[in-house]
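Novice: Sequence:
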Amino acid sequence: MDATDPSHLFDHIPEPYVEQPNFQRINFTAGDDEHDPEAAEVCDGILKCLALRDKWIQSNAIVIPDEDSDNTMPLTPGRTKFRHRDDLPYDIFSTKAPSGTDHRLEIQDGVVVVYPSDSVSPILQPLSQDEFYDDWFEVKRIINSGPVKRLQLLESRFNLHVLLNGDRELVSQKAVPHRDFYNIRKVDTHIHHSACMNQKHLLRYESIVDLRRWMGCSLYDRFIKSKLKSNPGEIVIFRDGRFMTLSEVFRSLNLTAYDLSVDTLDMHASNTFHRFDRFNLKYNPAGQSRLREIFLKTDNLIAGRYLADITKEVMSDLQQSKYQLVEWRLSIYGRKHSEWDKLARWFYVNRLASPHVRWMIQIPRLFFLYKKSGDIDNFEHMIQNIFLPLFEVTKDPSSNPQLHTFLQAVIGFDCVDDESKTDPIRAERGKPLPRPADWTYESNPPYDYWCYYLYANLATLNAFRRAKGFSTFTFRPHAGEAGDTDHLAATFLCANAINHGITLRKSVALQYLYYLAQIGIAMSPLSNNKLFLDFQRNPFPQYFARGLNVSLSTDDPVMLHYTKDPLLEEYSVAAQVWKLSGTDICEIARNSVLQSGFEHPFKQHFLGKKYYVPGAAGNDIRMSNVPNIRLDYRHETLTSELACLQHHHG
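Per UniProt numbering: the sequence shown = residues 1 to 650.
One or more hints might be untrue.
[To be verified] Straight-line alpha carbon distances no greater than 30 angstroms define the calculated BS3-like cross-link-like pairs of lysine-lysine that follow:
#1 K322 <-> K610
#2 K506 <-> K55
#3 K468 <-> K342
#4 K48 <-> K149
#5 K342 <-> K96
Please keep in mind that the hints were generated in silico from the structure rather than gathered at the bench.
All chains should be built: construct the whole structure from the sequences, respecting the hints.
Specialist: Structure follows, in structure tokens:
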């Protein structure tokens with residue numbers, strides 16, 4: 001039985017699935033006044049930007065395997081009978097690490113380049129830093145050179161579509177048995193692992209006594225309290241020149257198990273608007289960094305065991321929910337070469353793989369701290385710490401089986417820090433920035449510099465792993481949360497998708513480019529509300545109406561959310577405040593699956609065999625609960641915009 005084939009859901013497909021191909025469309029005809037030199041110049045610039053993105057993203061593009069057959073079911077009238085589908089198998093620990101190869105690794109201007117042993121030509125020669133900055137400056141010139149007024153038309157067109165076809169979309173959804181918003185897959189594509197639980201979950205730990213399990217009861221205790229009660233004498237940290245037990249740590253903080261509460265933890269973000277420094281301090285339970293080190297770190301004296309325990313607890317909740325999936329971020333700092341080994345060992349020893357979870361690696365932009373502390377000499381040293389272990393284990397997986405296994409669960413890379421900080425050194429046209437080996441300043445490289453070197457190393461790493469049949473990684477950085485829109489110009493060229501993107505509202509042309517390229521944007525309105533933008537001013541509903549590829553995510557549940565289901569809380573607040581329809585939230589959930597790094601068979605299982613085909617041709621309403629009408633509208637609108645650009649092309 002093919003678990004990805006939706007035909008296993010139903011014995012017969014009822015008539016209502018045969019959606020009417022026609023719906024009420026809004027057509028616009030071009031007037032003579034639109035054929036002018038200014039319009040031609042703008043359209044030429046927009047098309048050039050799209051061509052530049054294609055040039056850069058092709059080496060990191062997601063490859064869809066060829067499909068040999070189309071298992072489309074005939075639509076036959078009859079009574080629908082629901083049939084259970086088995087979940088796809090997911091066991092990365094049972095595979096044996098393959099033997100190594102004789103590839104040669106060289107570092108050229110901060111980028112690891114891979115050569116086959118018998119060739120002088122690399123597997124992939126990455127585009128240069130100079131070429132990146134030439135194209136980046138060109139994109140910036142184009143987006144500032146002329147007016148682009150199509151976005152308001154797109155928004156109005158969507159509102160007219162909903163007015164004319166909203167009832168038809170609702171009828172299509174009602175015709176689908178079993179499916180509703182709660183029973184479709186939705187992926188939290190932007191969530192940090194150390195904040196993946198809410199505060200009550202952090203406090204609470206569910207332990208089930210066998211007798212009570214059979215009685216249908218469960219014994220609830222609190223996670224931190226239970227550790228304090230069950231392991232008071234366990235040595236957990238080295239502070240102030242001595243090893244300390246868990247009970248000694250709490251005594252040094254003048255805390256007892258009875259004192260602990262959500263209020264005592266004080267991790268909810270408050271008084272943090274435009275204060276990223278205060279926001280980061282909220283990661284410390286009860287304001288104490290030592291509690292964060294004990295309970296929320298992977299690399300500590302107890303090898304991250306407490307964090308692994310609560311991770312398994314959250315995984316269990318995801319397993320029970322069935323339809324919620326997450327992409328948790330773990331940090332690699334680039335401070336030491338051994339970071340990957342420790343992180344992979346934590347993952348492997350604690351068996352932290354789940355069909356509901358994939359992992360992303362976030363790179364904090366903290367070069368200046370490690371340079372000042374003397375841990376690294378230059379930026380190339382940091383790049384080596386981040387990427388060389390990955391190239392080495394790709395070359396010879398048997399040299400580090402734990403890391404090889406861990407990388408099978410890693411689907412992408414993120415880049416994080418406070419974007420509102422001003423870059424002390426900025427790129428200027430005609431004045432190239434130093435190469436990574438020469439970047440010895442005690443200040444951070446600019447955002448675009450980070451983007452290029454993370455992108456370039458991922459491009460060569462992906463080419464290497466693809467050649468060996470291993471999984472590859474996407475580049476999905478934080479961009480547009482605050483700061484300069486130049487960040488979004490850099491990610492337009494080299495990112496597969498981004499997180500936040502709220503500053504796109506300040507650049508109409510750049511927003512239009514993100515729409516035309518359908519770049520995924522994982523937005524977190526509740527997080528933005530605490531840091532940089534009031535909820536009612538968030539551009540999410542505008543982006544969605546205009547057709548940008550947006551999804552909802554939670555960012556930091558432990559500091560932002562109050563319920564056990566933070567992702568549903570995010571959807572619920574958005575739906576209530578912005579009056580989103582059932583079709584809207586199902587479309588947003590579908591976007592989250594498409595943006596995610598879950599493997600091709602899983603996306604087929606979640607959305608249908610042809611999920612990657614644009615428009616209704618790639619939609620299976622039985623899986624997505626999104627009417628074909630909506631996806632046909634989106635596809636036709638996008639193609640008409642591209643046709644309009646070609647029409648005015650000089």
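Novice: Now tell me if each hint is right for this structure.
Specialist: Cross-check of the supplied hints:
A hinted pair counts as satisfied when its Cα atoms are at most 30 angstroms apart, and K322 with K610 qualifies at roughly 22 angstroms. For the proposed pair K506 and K55, the alpha carbon gap of about 26 angstroms is at most 30 angstroms, so the pair holds. For the proposed pair K468 and K342, the alpha carbon gap of about 25 angstroms is at most 30 angstroms, so the pair holds. Restraint check for K48 and K149: the C-alpha separation of about 18 angstroms stays at or below 30 angstroms, so the hint holds.
Using a Cα cut-off of 30 angstroms, the hinted pair K342 and K96 holds, with the two alpha carbons roughly 20 angstroms apart.
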